[in-house]
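If you read the sequences in order, they're chains A and B.
To convert, count from 1 in the first sequence and add 512; that's my numbering.
To convert, count from 1 in the second sequence and add 39; that's my numbering.
Careful, some of the hints might be misleading.
[As the list claims (entries may be wrong)] Reference listing, derived: stretches of chain A covered by chain B, where coverage requires no fewer than 3 residues with Cβ under 8 angstroms from a Cβ of chain B:
| # | stretch |
| --- | --- |
| 1 | 1172 to 1185 |
| 2 | 1219 to 1233 |
[What the hints assert, rightly or not] Once the Cα atoms are required to be at most 20 angstroms apart in a straight line, the calculated SDA-like pairs of lysine to any residue come out as:
| # | chain 1 | residue 1 | chain 2 | residue 2 |
| --- | --- | --- | --- | --- |
| 3 | A | Lys1233 | B | Asp378 |
| 4 | A | Lys1093 | B | Asp305 |
| 5 | A | Lys1056 | A | Ile1032 |
| 6 | B | Lys435 | A | Pro634 |
[Said to hold, decoys possible] Part of the chain A face toward chain B, derived, beta carbon under 8 angstroms:
| # | residue |
| --- | --- |
| 7 | Ser1159 |
| 8 | Ile1190 |
| 9 | Ile1237 |
Keep in mind the hints are simulated off the structure, nothing from the lab.
Ideal placement from N, C-alpha and C gives every residue a C-beta, glycine not left out.
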Amino acid sequence: MNQADSIETLPWRERAFCGRLSPSDIGQEIVLMGWVDAIRDHGNLLFIHLRDTSGIVQVVFDPQRSPADYRKASLLREEFVVQVAGRVVQRRPGTENPNLVTGEIEVAAGKLVVLSEARPLPFPISEKAMVFGEELHASPDKVDEDLRLRYRYLDIRRPSVQEILKTRYILLKTIRDALHEQGFIEVETPILTRSTPEGARDYLVPSRLHRGKFYSLPQSPQLFKQLLMVGGIDRYFQIARCFRDEDLRPNRQPEFSQLDLEAAFIDETFIYEVVEEVVCRMFSVAGIALRRPFPRMTYENAMARYGTDKPDLRFGMEFHDLTQDLRSTGYDVFQRIIRDGGRIKGFSVKAGSRALSKNVLQNDYAQGLVPALGGRGMTWMKMIDGRLQSNVAQFFREEELHTIARRLEAQDGDVIVMIADVSTPLVNKVLCSLRLDMARRLGMIDQSLFQPLWVTHFPLFELKEEGIGSKHHPFTMPEQTDFDPTDREQLLMLHSRAYDLVINGEECGGGSIRIHRMEIQQKIFAALGLTQAEAETKFGFFLKALQYGTPPHGGLALGIDRLLALILGLSSIREGIAFPKNRSAACPLTQAPAEADPAQLRELGLAGKVTASAETTASQPTPVAGRPAAARGTISREEVLHVARLSRLQLDKADVECFQHDLAAVLDYVNALAELDIENVEPMSHVLEIKNVWREDVAASTEDPSALLAAAPESEQGYYKVPKILES
Amino acid sequence: MAACDLSAMQLASLLRRGEISARQITTSVLERIEQREESLNAFITVTPEQALDQADRADARFRAGRPLSMLDGIPFVAKDNLCTRGIKTTCGSRILENYVPSYDATAVRRMLDQGAVLVGKTNMDEFAMGSSTENSAFGPTRNPHDPQRVPGGSSGGSAAAVAAGETVLALGSDTGGSIRLPAAFCGVVGLKPTYGRVSRYGLVSYASSLDQVGTLARTVMDCAWMLKAVCGHDHRDSTSADLPIPDFPSTLGNGIHGLRIGLPHDYFVEGLDPSVAARIREAADVLAECGARLVDTRLPNARHAISTYYLIATAEASSNLARYDGVRYGLRQAKPSGDMIQMIQATRSAGFGREVKRRIMLGSYVLSAGYYDAYYLKAQKVRRLIKADFDRVFEKVDCIVAPASPCLPFALGEKTAEPLQMYLVDVFTVSANLVGLPALSLNCGTLDGLPVGFQVMGRPFDEETVLRVGHVYEQAQVESTRE
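Take these sequences, add in the hints, and give me the full structure.
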């Protein structure tokens, strides 16, 4: 045998694809290659579902036709990889399988070659029953997600997962096509860059060549895309991978993809038009038509009417302000709140009377959701026979009830809900949650509807703990530029030229027109309380670029993972990513993140620093992702001495130092509990339910006092003897 | 093989056939103590005269054809935090160095009532606070498999004594793994029963909501007999459960066909020595071959167990150990001119070792004004989350197989410098205490000549399943060595 003969050659030129076979191929001799999806042995005939990337076809092995191949086929197991030659034939009447696209035909098998074998599967992969009308034995959807992710390569074999990944590819291609047509070009920006203004949640990459220095992974290509505008790239876009070391949240990934785009010599309307075009074409991939232009709503309007800057417009239940109408109400709860400068808002739930019983309103909402959000109460009434009725209706004057009903457009069968509080943001927050929760409960949300919305005119600044901060980022263009950077009141009134794209109450993207003139940028920094020197160290290179002739420009970023999930109705964004991280920001497949090789750490100059903390985390079962590498908590000498006094212990100097260190180390470790949301968890002091134990009150012999006293360090005449207790 | 190396059930059948006497057994144990004790230091007190006296009485019962039970004439030891009437009970502490209780702990009493022969009190971490038995005021115990290494703790003396043939059976206590860890490190079987299964009367309190008396032996069968002897309601312990007592030994042979065994994904993560992990997976595979079905399970809050445990245990300890004031028993240190407070402080400062002080301090800190909500209350809430994890898992599985320790027995002194490192050794065991579950620790082979242990955790009060799984595994191992 010569060398060439021993190489496994495959009939890839002749290969047919399972899912593409049709009755028009009947009579053809073909070769298929793929995985054994399912097996059914009839004793005299053996059926398999053969699966490749295009779909599934049934293959029949008949001992009459080829006894050797039939015997070989009887050894097949799920997910073996095989090559089968055979002839396409019509199925016998009554044995068709409408579950399969190829259900009218089957392949009468000839030669069978097993290309590779598979170990028993950790979970079922097959999604198609072999007999029409038969249930699958086990649904892969019930498999634990981490197990699926650990064997993601098997999970991906499932046609439903392949479909998602193919759609993702089509969507990305659609984006590229649409933007290409508009004259955009895709430019790649660096992954290894320097820490950005949002710095705190950056992933850092140690530099081997520059010891002690770090690159950081971009949270967005913000500064680079603006530099591209300075560089004269008129219309830029990128399907950009971004990284954010955020605290764990169910629908967040440490790395995610966004459509990042930026254009020069344009204003907001250009961005709206381009993005609407792109988004509409993306949705049309799934056969969903969106109406253009997308409606727009100012931030103030959204907050007033829906209590949120990302309202879900698939249903109504708009809020109305009742503060003026109830100015002189006799209901003293409201009266007090109005007197203290508070606000009363409400909405009506159309035909809500039946689903929202008094019990539900009282227990689930007034005493459930509302206090959980910090609200102090909820007032509700029902419209019955043209009158608002409830147990508090008596406190309102007749005309007030009329006004409320009219203002909230209440009709018979409606429920109206009112929230009053001195804090307007709290009123909005509570009403917003009530609106969503009630709409879901009443099934008022049409799941087939997609309602996009531009939210505009955001505040430029917001009040943060440490002072004034940018609502978006400091490069956002204000609507007016003639402001005084020292006038706090005025600053908080300013609006920005920022916009968010919201679909069905989810923020899908956002952007802004950027500042292109240095003097405006400097005013913003001044307003933020940033000195020239600080601005220089933070983004000096960028500020320098701004001074070399920057065109007016603006852009936007769209979350691709989220849009994909929305378009395909996926239960989580992880479903749309080939190799996602799990909810704990870890990868069960590769076990990333993992400890580094000490030699590698040494080479990076990290050995000394990391081993200290690596030792503490090494034996921890799962490193807590997103936990800030904050400095160790410290405990002062005074605290140690105070606790020693409480513990009735005298400590010498060495003890104090030792305990200072030990207590800090333990408390630092237990601070990981902070990641848990335990607000509504009842404390558990005992594994058994605590109950009083009663026993019969009967006289019994007690311990002999002299036996007890025998253990005493000092006693006298049948008593324990102790030093004086009273101070002299 | 010496008598002291046989299992209790082997000895019980030899006794019944008249092929050995209780005195011979006890003598064999005492001789072994003579040989090994100098290097092991597993005992704080050995009671040879009482033991031989009890053995002779057992022999008299056998001669009369009226043994009290299967444990009649079988030697046992009690951890030195279980009160023994007339025998020093030190808790491994200077503060109780000369304390002689006037009563027996219920578990000890019940063993004695069955005819078992008490040969001594075993070494332990002071007040059961430790994972290596290095915190004893009377010197560390050493691991019989390698005297340079620790036996685990805090019931290290009990486990080492069983492993070395210095006893046949042992009582211990388990607050965060104090039976299961030493059992794993010494290659013996250790059972922490459900909280409430065994009376805590006469067990010196460390953390009352977590403490539980349990058993150590060389076989699961021996553990089952011991559990049967010591468990059950006791009016002296209001937390002891008033439930019917299953006949644990008789259900051991029922097999595990179709039993669903959970493998908690969250335990097989970094921090667990990979070679230890591999051993435990092999053990799980053995159980699968015996007919059990392995189910992947999640205990997402497992990683918070250590934090939760050390907050709750130290808080309870700071309160429980307030009783050591030098007034009624134990050590007293006082200046003639001093007052009561001075005496209490001087007594406690001289009587407690550093780890005990550390835990009292930590407990006082987390209970102190301003920190209660941030630490103790939070830990109590997380404790409920951890319990909810297990409740959920036990809807789908009948028991859980898990590692007993993240590492192999470590060298003496290796983890004493950083207390946190020592605490982390308990990472796989504390959950059973927080949730009150029964958990069995047993050996699954050796690595570099050192024993590797694993745990079987069950539903509350379902010791039967846990023991059954352990027994099936043990039998399968015996089979495979025969082959």
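These are the hints, each one checked on the structure:
no., hint, in the structure
1, 1172 to 1185, "holds (count 9)"
2, 1219 to 1233, "holds (count 8)"
3, A:Lys1233 to B:Asp378, "12 angstroms, holds"
4, A:Lys1093 to B:Asp305, "16 angstroms, holds"
5, A:Lys1056 to A:Ile1032, "14 angstroms, holds"
6, B:Lys435 to A:Pro634, "17 angstroms, holds"
7, Ser1159, "5 angstroms, holds"
8, Ile1190, "4 angstroms, holds"
9, Ile1237, "5 angstroms, holds"
Hint compliance for this structure: no hint is broken.
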